[in-house]
Amino acid sequence: MKIRDSLILGDQMYSKLITSTHSIRRRGLSTNAAPGPAPGPSDPHAYCRDFVRKHDYDSFLNSYFYPRYAQNGYFAIKAFSTELAMVQDNVSNAMIGQMRMQFWRDAVKGISDGRPPKHPIALALDESSQTSKISAYHLKRIVDARDAEIQTSSFLTVDSLTSHAESTSSTVLYLLLSLLSLPSSTLSHAASHLGTAQTFATLLRALPFHAKHGRMAIPAEITAKHGVSQEDVFWHGPDARGIEDAVFEFATIAHDQLNTAREMLVNSEGSNGRVPGEAMPVFLAGVPVSNYLQRLEKAGFDAFDGKLQQRDGLLAWQMWLANYKKCF
Numbered sequence: 005m006k007i008r009d010s011l012i013l014g015d016q017m018y019s020k021l022i023t024s025t026h027s028i029r030r031r032g033l034s035t036n037a038a039p040g041p042a043p044g045p046s047d048p049h050a051y052c053r054d055f056v057r058k059h060d061y062d063s064f065l066n067s068y069f070y071p072r073y074a075q076n077g078y079f080a081i082k083a084f085s086t087e088l089a090m091v092q093d094n095v096s097n098a099m100i101g102q103m104r105m106q107f108w109r110d111a112v113k114g115i116s117d118g119r120p121p122k123h124p125i126a127l128a129l130d131e132s133s134q135t136s137k138i139s140a141y142h143l144k145r146i147v148d149a150r151d152a153e154i155q156t157s158s159f160l161t162v163d164s165l166t167s168h169a170e171s172t173s174s175t176v177l178y179l180l181l182s183l184l185s186l187p188s189s190t191l192s193h194a195a196s197h198l199g200t201a202q203t204f205a206t207l208l209r210a211l212p213f214h215a216k217h218g219r220m221a222i223p224a225e226i227t228a229k230h231g232v233s234q235e236d237v238f239w240h241g242p243d244a245r246g247i248e249d250a251v252f253e254f255a256t257i258a259h260d261q262l263n264t265a266r267e268m269l270v271n272s273e274g275s276n277g278r279v280p281g282e283a284m285p286v287f288l289a290g291v292p293v294s295n296y297l298q299r300l301e302k303a304g305f306d307a308f309d310g311k312l313q314q315r316d317g318l319l320a321w322q323m324w325l326a327n328y329k330k331c332f
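For the sequence shown, the positions run 5 to 332 when this note's numbering is used.
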């Protein structure tokens, strides 16, 4: 089957699955809803939904498995996270990036004080925080981590990158667990490992993009171990000496983190080998991670393979199946 045909089939399957999911659960967003007002400060939640759909499609697919009451909060949190992650690539220098981060630091304080700035994402977070628990501490933690990333865009060790993942991707998952009122040390520990796997997989997927802009996405301790020269990667991409071995090791670590998250959930007391149903929307974030790592393996760990940059039309089906089986 050609890639184009596969994507079309995936979209058709996606529409059917979402319709089925909504009819069974009687909740979620309608794919045939009448268009609302133009996204913007007057409709901050629509802005966040469109923003996530445009810039983080995997998370947009994930949204359909969240209960209706949590939809607005979900999109607000994900739009906030995505907006911050994009700052580094949308500014011309570090000083402008720091100014953007200070705006969001002030915005988080403003939301806590009941005085959010007139930015649609800030307004959406403020409105959602009126009915759901959205921790200002966790929001600020993400801002601080992304601010530090602007200063140092590469990481020397796996441990330092893991710490960064804990403060970004894992913290987003903590916010989503809180949004669903799921306080649990087991769920939080599993989310920590899933967030790390998510960050590592995202960096691998973005390796060609970062290399094009003179940044190395893989920690230096791994590239040094395999004799990889950053300049060689920047100039020659997949032909750089040792890069596939470095990608293989980095992907293996990501896979180990993903497996640890799975095992913590399915082996917990009373789980019966499944992820708790109420927490499944949060842990469906592991499906795109697994999907990418499997495709990377099929590509011979060539992170520069163009097929890996294309959307997998079967991802929606995989997420539905994972939700049905209560595993990821």
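It is possible that some hints are incorrect.
[Unchecked claim] Below, a list of computed lysine-lysine pairs in the DSSO-like style, where the Cα atoms sit at most 27 Å apart:
#	residue 1	residue 2
1	Lys330	Lys137
2	Lys330	Lys302
3	Lys302	Lys229
[Unchecked claim] Restraint-style ranges between C-beta atoms, simulated for each label pair:
#	residue 1	residue 2	range
4	Asn276	Gly218	34 to 42 Å
5	Thr256	Gln234	33 to 41 Å
6	Thr135	Arg57	18 to 26 Å
7	Lys311	Asn263	23 to 31 Å
8	Asp249	Asn94	44 to 52 Å
9	Trp239	Glu282	21 to 29 Å
10	Arg119	Ser275	37 to 45 Å
Honestly, the hints are just simulated from the structure, not real lab data.
Just so it is clear, CB atoms sit at the ideal spot from N, CA and C, and this is done for glycine as well.
I want to verify a distance hint. Is the separation of the beta carbons of Trp239 and Glu282 within 21 to 29 Å?
Given range 21 to 29 Å: violated, Cβ gap about 50 Å.
Is 33 to 41 Å right for how far apart the beta carbons of Thr256 and Gln234 are?
violated (21 Å)
Hey, Lys330 versus Lys137, does the alpha-carbon distance stay inside 27 Å?
holds (25 Å)
Is it true that the C-beta distance of Arg119 to Ser275 lies inside 37 to 45 Å, as the hint says?
43 Å Cβ-Cβ, so the 37 to 45 Å window holds.
Range first: 44 to 52 Å. Now tell me if the beta carbons of Asp249 and Asn94 are that far apart.
violated (33 Å)
Could you tell me whether the CB distance from Asn276 to Gly218 stays inside 34 to 42 Å?
violated (49 Å)
Regarding Lys311 and Asn263, is the given constraint of 23 to 31 Å on their beta-carbon distance met?
Check passed, 25 Å falls within 23 to 31 Å.
Holds or violated: 18 to 26 Å for the Cβ distance of Thr135 and Arg57?
holds (23 Å)
27 Å limit on alpha-carbon distance, applied to hinted pair Lys330 and Lys302
holds (26 Å)
Checking one constraint from the list: CA of Lys302 to CA of Lys229, max 27 Å. Satisfied?
holds (24 Å)
Hint violations for this structure: numbers 4, 5, 8 and 9, all remaining hints satisfied.
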